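Next come the chains, spelled out residue by residue.
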Amino acid sequence: MDIDLITQVLFAAIKTGTPLLFVALGEAICEKTGVLNLGQEGMMLMGAVVGFMVAYGTGNAGLGLVGAMLIGCVMSLIFGVLVLHLGANQVATGLALTIFGTGLSAFIGTSVVGKTLTGFEPIAIPLLSDLPVIGKVLFSHDPLVYLAIALALVIAYVANKTRIGLTIKAVGENPHAANAIGIKVLHVRYLAVMFGGAMAGLGGAYMSLVYTPMWVENMTAGRGWIALALVVFASWRIGNIMLGAYLFGLASIMHLVLQGMGWSISPNLLAMLPYVATIVVMVLISADKYKEKLLAPRSLGKPFDPRQMA
Amino acid sequence: MSETLKSQNSSPRLELLNITKQYPGCLANDQICMTLMPGEIHALLGENGAGKSTLVKTIYGVVAPDSGNIVWDGADVQIKSPAIARDLGIGMVFQHFSLFETLTVAQNIELCLSPSQLAEIGDLDARIRELSSRYGLNVDPTRYVHSLSIGERQRVEIMRCLVQSVKLLILDEPTSVLTPQEVAGLFDVLRQLSAEGCSILFISHKLHEVTEICDNATILRSGQLVADCVPKNETPATIAKLMVGDLAEQDAGYEKAHGEEVVFNAQKLTLAAKQPFGTSLKDVNFSLRKGEILGIAGVAGNGQEELMSIISGEDKRNLKDTLFLSGKDIGTLSAGARRKQGLAYVPEERLGRGAVPDMSLSENTLLTHSAGFVKAGLVNWNAVKQYAKSLINQYSVKCHGESAEAKSLSGGNLQKFIMGREIGQQPKVLICAHPTWGVDVGAALAIHQALLTLRDQGASILLISEDIDELFLLADRMAAVCNGHLSPVVRVEETSIDQIGQWMAGTFIETDTTSEAHA
Amino acid sequence: MIRVQARTEQSRLMTFASPLLAIVLTLIFGSILFTALGKDPLQALHVLLIMPLSDAYNVSEMLVKMGPLLLCAVGLSLCYRANLWNIGAEGQLLAGALGGSAVALAFGDSESMWVLPVTLLGGIASGMAWSAIPTYLKLKFNSNLILTTIMLNYIALYLLIWAVHGPLRDPMGFGFPESALFSDAALLPVLSDSGRVHLGVVFAVLAALVAWFILSKSHLGFKIRVYGADEPAATYAGFNANGISWFVMLFAGALAGLAGVAEVAGPIGQLTPNVSPGYGYSAIIVAYLGRLHPAGAIVSAVFLAILYMGGDLAQIEMGIPIAVVGMFQGVLLFFLLACDFFIRYRLVSSRETVA
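Protein chains in written order, with the numbering used here: chain B, 1 to 310; chain V, 1 to 519; chain Y, 1 to 355.
Mixed in with the good hints there might be a few duds.
As the list claims (entries may be wrong) - EDC-like mimics (lysine to aspartate or glutamate), calculated; alpha carbons at most 20 angstroms apart, straight line:
(1) Lys206(V) - Glu173(V)
(2) Lys136(B) - Asp2(B)
(3) Lys385(V) - Glu9(Y)
(4) Lys80(V) - Asp305(B)
(5) Lys282(V) - Asp321(V)
(6) Lys302(B) - Glu231(Y)
(7) Lys289(B) - Glu231(Y)
(8) Lys407(V) - Asp305(B)
(9) Lys274(V) - Glu231(Y)
(10) Lys15(B) - Asp4(B)
(11) Lys398(V) - Glu9(Y)
(12) Lys407(V) - Glu231(Y)
(13) Lys161(B) - Glu101(V)
Hints in this document: simulated from the structure, not taken from any laboratory. These numbers were taken from a predicted model, which means no experiment stands behind them.
Produce the complete structure using the sequences and hints provided.
Pasting the structure below:
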């Protein structure tokens, strides 16, 4: 394996990990407040198709991003109303969101199937991009890769160092106590759910505007689910999520590496790699039940109904 | 005492006028009026379900009243949220603490402060340390709440109120979670606050405490105000009558029994905690004799839950050579197999463990009692229904029949049902945790009598309770649990509340682990 | 003013009314959507809902789609009753199709009467094996069942695609990614002259009846319900949680596997990459719409099958994209979850509350 291949592989790993990073960051915040939204795949697909259609229609990829984030928010609001106000089961509602998003995105996207556009051009960061290997791997990406990293840093800061982060943690640990001291639990959760929706939309838009860039039915191919798994692996820690996203990016493009090394394995078998990797990592990480209980937001998946506070 | 303060300052701090709150199927507060003066320690008395908690939550802005007015320092106020209550100078210590275990003491306190308050205080840690030494609270701002004992957590809650210069401090059953010695410490703090002019609203159902510390008392029954009185001028008997009404029977003293034959014993039970922030059991030894009630006292969170789940087999870790029923090692048996050997349990959590909330009483009967109702894997539902009906009659469970969902029953009635179901299996050993918490006096009496009847029929009962009075009433022998250690077992006649209280605080533990005792 | 009030007990009436209400709301939503698309809503609804039942051929095609939906949904109902979020019916179905095909093709041109039963068993065993993986990982390693089953769906799909491109590809098939046609001995008998209704549909209804019997009459069924409704209570009662998990997961895997092998040994007659148009995912909605009750699943499987069939017809007759079916399914589940609110709550005018 020569240095050029390694450079290419690492570059591609970061690119492939970026949509996962967007989605996992949003879902991590959502889960930290105690809400499990399994609708990531559906919201990503909607973000992808709406982002593409807006960008295609207006010729402005930036507007595409805005559209993707908005549709992610709207989708997550449907989930939010059902789960937070109507007390629907979070798992079932999340699944419904994925089924709905998959169907709706295919439905509205029929008109743009096969169309292409120019998404975001890479921006080489002056000086840094001239560094050997690292320059190519880290500093000559499209702007969204940098945006994802910046967002991760901001979110890590907010979650760990600010009053907002403290409030999120409190709501996720014990919504009843939070309510008793006057935190508006449902407000916090709505905001977190919508933030998660916007991020999932962004992750989807990255797929259709940058990664491919085109719209194909079901193009996210389970990335929303992998992002959900990523949040668990990362033990809800933002730093770990960043690392994990890029590692998964690497796992997803391993077939390039293996082909590059001259292995002849069926591409269909290699396509299983990210999913197999997800299961393997999940087994390794979750086996310690005690640790998971310690790290998971305590109220995760449990409904909170202020009406029943007596 | 703060007589001088009160006479000087004659305008009330808080007035409640005709507060009314309706819940589905229950009028929690019916036109309640109450007045609190600065520096006054005021008791709010009543049975479980009398409406005390609803009333104080109304004052603290957690519950919105349907009608009525609140007057604070002479002005009409609408307390729509706890934040508004805190701005007025109202602080509250909840019965089930509203603390976050994964946060530090300082972070917990910070969450209750508005940004402007925080800016005013400046260095929060320093402020906490200063107040801590002033009131003798011994609260360290940097510690994580999960590492604190119940008593320490309560002091954090009090600190949370003190940090914002509280004018009215509300405490919801503050003493039920403390050892007798800790109660004395709490009362010192309250007296000091009262002397500084802070009003205190103190919810309790323990009459001797009320007469000890309170200036005035308001008594609620079924959501209605039945009396205002000065506790010093009343006897516990007259107050009790006001609380429960004339008709309610009272627990009388019961005969003590002395079993000989050992039926169940635990030997060298040592086990690491399974849950985060749980308690590890350390070398627990005791034996349970035929026809006796063995009481285990202790403040919640000292290993009672762990002990219960390891005896029942709900904690599935095998423990060879530690648990014996009639001489037979049952430590490796599953929970179901242990039941078949003659163990039965009444868990602390009635709804969600002792009974499935959304299932009918017949289904909840089959939950633990399947003997005779299942043939070749199939359930004879008619027989189950008949039996459930007979349980309902025998234990006078108030409900609309055997098809009623468990969650539709009141706490007391559900507990009578669960108790009946477990006793109906004619267990050799019944493990019973906190059987009467949150239960009205009538049901508590029925539950006490059911336990004594079972004992007199020759069963052995392990009674785990936080209520020291109840243990002295029912138990024949007693021990206390502290931080996973079990004290020696003594006959009830040969001990005192004081000694058990000391044991609850861990004085029996010889090694240096006493310093981290969960008391 | 209207206020929301918690019911003291769940409403049985709403439990049954909620799915009907959800269907009506979905149809209203659909009419608005079709109008917005410039299609005649009445005609669209006619094509979607009435035409699939209009003649014997359409009814038989509808039943062909109902079979796999019902088989998967019955298994999922039991899993969800036990609070095990098995999203893996799709993967288990594909595994069943793949395993069954491997068996059927291994028999070659054999005319033996054993070919069909062994083929079916091969499919059932493959489905069970595919559901045993996440079950084992959950019980042994505490892995999240939702995520492992989803991942296994993707893995099963790629495995199937790999098989039809590789070991199971028809050597005489001009390189198309398809297996050879099964011999007649490996095919499920067809039940009627017109159409393709096969024995698999009968299996599906039988499976629903068996599951119904287990849930309502047996002690095991009771334990499954307790385990799902309230795990601490099941532990307290001393039920064997692992046994319950294994039973429902393997049962679901077996039925989904049967659904898969019945597709390849039934209407398709060979292994192709397009064995399932997402039956395993739609079965989640069937199970929910049927109130996680096997008998309810029969009714809701018919409804979803009509919708699938109607989607096909709507594409042919009116040029409405087939994706509308998937979207309707999501909307239907949303409305159902929203309507279920009224099982636990009711609306009261606030005058009533002040006693």
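Hints versus structure:
no. : hint                  : verdict
1   : Lys206(V) - Glu173(V) : 9 angstroms, holds
2   : Lys136(B) - Asp2(B)   : 15 angstroms, holds
3   : Lys385(V) - Glu9(Y)   : 19 angstroms, holds
4   : Lys80(V) - Asp305(B)  : 18 angstroms, holds
5   : Lys282(V) - Asp321(V) : 15 angstroms, holds
6   : Lys302(B) - Glu231(Y) : 14 angstroms, holds
7   : Lys289(B) - Glu231(Y) : 17 angstroms, holds
8   : Lys407(V) - Asp305(B) : 16 angstroms, holds
9   : Lys274(V) - Glu231(Y) : 17 angstroms, holds
10  : Lys15(B) - Asp4(B)    : 17 angstroms, holds
11  : Lys398(V) - Glu9(Y)   : 15 angstroms, holds
12  : Lys407(V) - Glu231(Y) : 16 angstroms, holds
13  : Lys161(B) - Glu101(V) : 18 angstroms, holds
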